[in-house]
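J.: Listed here are the chains, written in short residue letters.
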Amino acid sequence: MQSDEELMLSAGASNLAAFDEIVCRHQGSAWNTAYRYLGDAADAEDIVQETFLRLLRSADQYRPTAAFRTYLYRIITRLCIDASRKKRPRPVADLAGVAGQVADPAADLEAAERTRAVRCALDSLPPNQRMATVLRYYEGLSHLEIGEAMDTTAKAVERMLTRARATLETLLGGFLE
Amino acid sequence: MRCETMEQGLDAYRTKGLAPQIQAQFERHLADCRSCRETLARLERLAILLGSDPAPPVPQGMAGRIMAEARRQFQTPQSVDRKLPSLLRWWQSLTLPMQAAAAVVLAVGLAAGAWMGRDTGQGSSLATSTTPSKEYSFDYLSEAPAGSLVDAYLRLTLAQN
Chain X
1 MQSDEELMLS
11 AGASNLAAFD
21 EIVCRHQGSA
31 WNTAYRYLGD
41 AADAEDIVQE
51 TFLRLLRSAD
61 QYRPTAAFRT
71 YLYRIITRLC
81 IDASRKKRPR
91 PVADLAGVAG
101 QVADPAADLE
111 AAERTRAVRC
121 ALDSLPPNQR
131 MATVLRYYEG
141 LSHLEIGEAM
151 DTTAKAVERM
161 LTRARATLET
171 LLGGFLE
Chain D
1 MRCETMEQGL
11 DAYRTKGLAP
21 QIQAQFERHL
31 ADCRSCRETL
41 ARLERLAILL
51 GSDPAPPVPQ
61 GMAGRIMAEA
71 RRQFQTPQSV
81 DRKLPSLLRW
91 WQSLTLPMQA
101 AAAVVLAVGL
111 AAGAWMGRDT
121 GQGSSLATST
131 TPSKEYSFDY
141 LSEAPAGSLV
151 DAYLRLTLAQ
161 N
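So the sequences go chain by chain: X and D. Heads up: the first sequence begins at 1 in this note's numbering, then just goes up one per residue. Heads up: the second sequence begins at 1 in this note's numbering, then just goes up one per residue.
Hints were generated in silico from the structure; no laboratory data involved. For every residue, glycine included, the Cβ atom is placed at its ideal position computed from N, Cα and C. Possibly wrong hints are sitting among the right ones.
Not the full set, but computed from the structure, chain D residues with beta-carbon under 8 Å of chain X [to be verified]:
{"no.": "1", "residue": "A41"}
{"no.": "2", "residue": "R45"}
{"no.": "3", "residue": "A55"}
{"no.": "4", "residue": "Q73"}
Below are the SDA-like pairs computed for lysine to any residue, each with C-alpha atoms no more than 25 Å apart in a straight line [unchecked claim]:
{"no.": "5", "chain 1": "X", "residue 1": "K86", "chain 2": "D", "residue 2": "Q25"}
{"no.": "6", "chain 1": "X", "residue 1": "K155", "chain 2": "D", "residue 2": "A111"}
{"no.": "7", "chain 1": "X", "residue 1": "K155", "chain 2": "D", "residue 2": "L106"}
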């Protein structure tokens with residue numbers, strides 16, 4: 001199996017089949033990051049599409065000096081943060097329908113309430129802290145990887161996450177007992 | 001190891017993201033320190049709570065739509081994006097704030113250039129009061145060189161008018 005870096009080099013030589021493989025491999029994490037960050041399916045899909053198209057546009061200049069994943073997260077991080085600065089955060093009402101995602105009707109209400117609280121708390125974070133939280137808790141990136149994606153140091157990421165956790169703990173205190 | 005140092009690394013410790021030697025130091029400290037154990041438990045509770053939000057499924061057909069757009073943009077003979085000049089590609093690669101900053105720098109540069117050049121423009125209009133042939137003493141090439149009879153006649157005629 002070809003590595004991501006090899007596929008990118010092939011894509012840079014106008015091999016769209018290689019690019020297709022990249023999309024299939026990474027659409028899940030790209031979608032997860034964008035959706036968790038933006039909270040809107042249509043916006044998230046736009047961002048994911050733009051991310052992959054930018055990847056393809058720059059594929060002929062790609063040099064495998066860093067891990068491909070870092071490169072991907074860097075693009076999606078920038079696009080998400082730019083998008084959220086242009087647009088007001090989603091109102092709480094947009095989170096309706098969360099309950100429908102839970103299969104067990106008995107747990108439905110409680111789970112919906114918890115999910116709503118988590119998403120609202122995430123929304124309340126400043127863009128950089130929110131992105132660091134998404135990459136850490138939903139994508140499982142290390143502080144160093146987050147720093148590379150967000151063009152900052154691991155120390156700065158640590159500080160961002162500490163502040164984010166303090167806010168989240170305050171807002172979600174009732175669910176953390 | 002001090003508790004302050006521990007607190008900074010507990011999040012990485014939680015996901016086993018530290019070097020094995022440091023991970024072991026953390027374990028030893030945690031065995032003796034109740035405060036750090038509580039901090040770790042708090043971090044874990046938060047991680048579990050955040051993770052309880054179900055992962056959204058990838059929209060059906062998203063990869064297909066991305067590839068269709070990629071083919072549309074990159075496989076047509078008239079593909080514009082592939083042929084963009086490097087300057088434009090550089091411009092597109094900038095974030096919005098960077099584009100704004102670059103635009104401001106460009107505007108300031110143009111304004112400064114125009115301001116500095118305004119004297120030059122005025123100076124050249126003054127220079128038109130004399131002809132280049134006189135200014136550079138090339139008038140001997142004309143039909144009425146200075147000091148000639150024709151020149152004297154022309155001067156007289158112009159003075160009378």
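J.: Take the hints in turn and mark each one as holding or not.
T.: Here is how each hint holds up against the structure:
At about 10 Å, the closest approach between the beta carbon of D/A41 and any beta carbon in chain X exceeds 8 Å, and the interface hint on this residue is violated. A least Cβ separation of about 5 Å between D/R45 and chain X falls short of the 8 Å threshold, and the interface hint therefore holds. The interface hint given for D/A55 holds, since its Cβ lies 6 Å from the closest Cβ of chain X, which is under the 8 Å cut-off. Restraint check, D/Q73 versus chain X: the minimum CB separation of about 7 Å is within 8 Å; hint holds.
About 45 Å separates the Cα atoms of X/K86 and D/Q25, which puts this hinted pair outside 25 Å; it is violated. Note on X/K155 and D/A111: the hinted pairing is violated, with a Cα-Cα distance of about 41 Å set against a maximum of 25 Å. Of the pairs offered as hints, the one joining X/K155 and D/L106 is violated, with about 35 Å between alpha carbons and a cut-off of 25 Å exceeded.
When each numbered hint is compared with the structure, violations occur for hints 1, 5, 6 and 7.
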